[in-house]
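*Asks:* My numbering puts the first sequence at residues 58 to 551.
One or more of the hints may lead you astray.
Only pairs whose alpha carbons sit at most 20 Å apart, straight line, appear in this in silico PhoX-like list of lysine-lysine [what the hints assert, rightly or not]:
hint: 1; residue 1: Lys128; residue 2: Lys178
hint: 2; residue 1: Lys72; residue 2: Lys61
hint: 3; residue 1: Lys61; residue 2: Lys178
Derived from the structure by calculation, the hints contain no laboratory data.
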Amino acid sequence: MDSKLAELVAARRVKLDELRAQGIDPYPVRFAPSASLAEVRAAHAELAPGTETGVEVTVAGRLVARREHGKLTFLVLREDGVDLQLFCPRGALDQPSRALIGHLDVGDWVGARGEVLATRKGELSVRPAELTLLGKGLRPLPDKWHGLTDTEARFRQRELDLVVNPDARRVFALRARVLKALRAELDERGFTEVETPMLHPIPGGAAARPFVTHHNTLDTDLYLRIAPELYLKRLIAGGMPRVYEINRSFRNEGMSTRHNPEFTMLESYQAYADYHDVMDLTEALLQRAAREALGSLQLSYQGREVSLQGPWRRATLLELVREATGLADLDYDVEVDRVRALCEAHGVRTEPSWGVGKLVLELYEALVESTLWEPTFVIDYPVEVSPLARRHRSAPHVTERFELIVTGRELANAFSELTDPDDQRARFEAQVAARAAGDAEAMHLDESYLAAMELGMPPIGGLGVGVDRLVMLLADVASIREVVLFPTLRPERT
RNA sequence: GCGCCGCUAGCUCAAUUGGCAGAGCAUCCGGCUCUUAACCGGCAGGUUCGGGGUUCGAGUCCCUGGCGGCGCACCA
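Hey, can you work out the whole structure from these sequences and the hints?
*Replies:* See the structure below:
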């Protein structure tokens, strides 16, 4: 261990030993506060300086500051992001507490029983008659003023980040409100929350590379799921009319400010609905999340305003690409070489196997997606890049699929689900062919899923929302690691 | 995977052209009964991310490895 850190720990261990020698348990089993620090603050707001309330409370928290003033000591407790001062004139303390107070360090968990008052300077405080050590800390806390700014340390030791950086608390409290709002909206609409497997024999429901693991007793490889989609639609086939799942999926791909290898998706499926219904649902879900997490539909993201006020723009992928390229006659039935040349003219990398649909999608991603700042439903994606989506009811080359783009980023992906088992089998076979041709992200053929489809499915509107990205938007943070408590990092090597 | 940037005391940061590795906070010792980044006095604390090289001399320059950030690539 580093010498100075060892010295700091050693100094605390000395106190630990001395406390034990005095018969004080530094790690007691239980404590019963009468109120949280927040409750004490709320119950005694605006006390005039010098007021003694006569109200006794028992509170607890982590000691985050200590100011000694001779026979008077000021301690500051922090609990769930709320601070409260302990005003500790030596004479007010009982004998054991007088012995204890000199052995307290910043970072310790401390309980206090005493009267609520406001000091002569007006600071709301508890004047303890009794102090209780609730948990001795052996390691120092980061700088009380500058906090912890080292990004790596903040992610590897998130507990420190949470102790000293109020913004970390803000983000994760907001995340919790977002999840609660999403569930509330879906529950009110009659959706049932379900949990489907994370260990999949065949990775399905998305085009992505999976993590592989192994089950010893079965002696078989399993995959961490890349999406819950196929299982959820099997539930619709089973007669559950509206289901949703909010949980982790895993993709063994590159990491970035928008990609963590494990991430949280909301997926919902409802019988009888099409993608127009799902757009309405999506708008309602995100607006509710914003209202309940922020209290407003007017956001600021990275210094730029965004309004979630509806209705949101709906534009086809083709018309967006036409706008961006200035080619009003571009369509899915033109010569593939012409579109390939267009890609090259715009610096978009292509592969010989790609058809017009894939090339148009590439143009969209290169030229359009990042420019869509206000919420926009981009609709009608090419069939060849949408193997699980229903063919459009009136346009031959596209599916009834949309992605929701906000601040240039994909937040949701949804479609009128493909429910025709024969079409699905043909789409899977095209994917299998693509895989054989070297596309590692192409889907596998899933007979269990086809069997469920052959049982008969009603019309289904399906939705997937990237919850981490939604939280990023609402919390106004630039990296997905800021909204995941313990983001994936390379293990430290020594 | 590629490119750029970063890594100095527990934390936050300095260190001129390559010339004695420093400060604030925290710790430790002493003082102080209304502080709140408390204050005053004093002591101590370093593998400058690891390894190698150039040089009389390396935190600084070169090579190499590690970890992180950002961008790109990959990617529903």
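*Asks:* If a hint holds in the structure, say so; if it doesn't, say that too.
*Replies:* Okay, the hints, checked on the actual structure:
| no. | hint | result |
| --- | --- | --- |
| 1 | Lys128 <-> Lys178 | holds (18 Å) |
| 2 | Lys72 <-> Lys61 | holds (17 Å) |
| 3 | Lys61 <-> Lys178 | violated (37 Å) |
When each numbered hint is compared with the structure, a violation occurs for hint 3 only.
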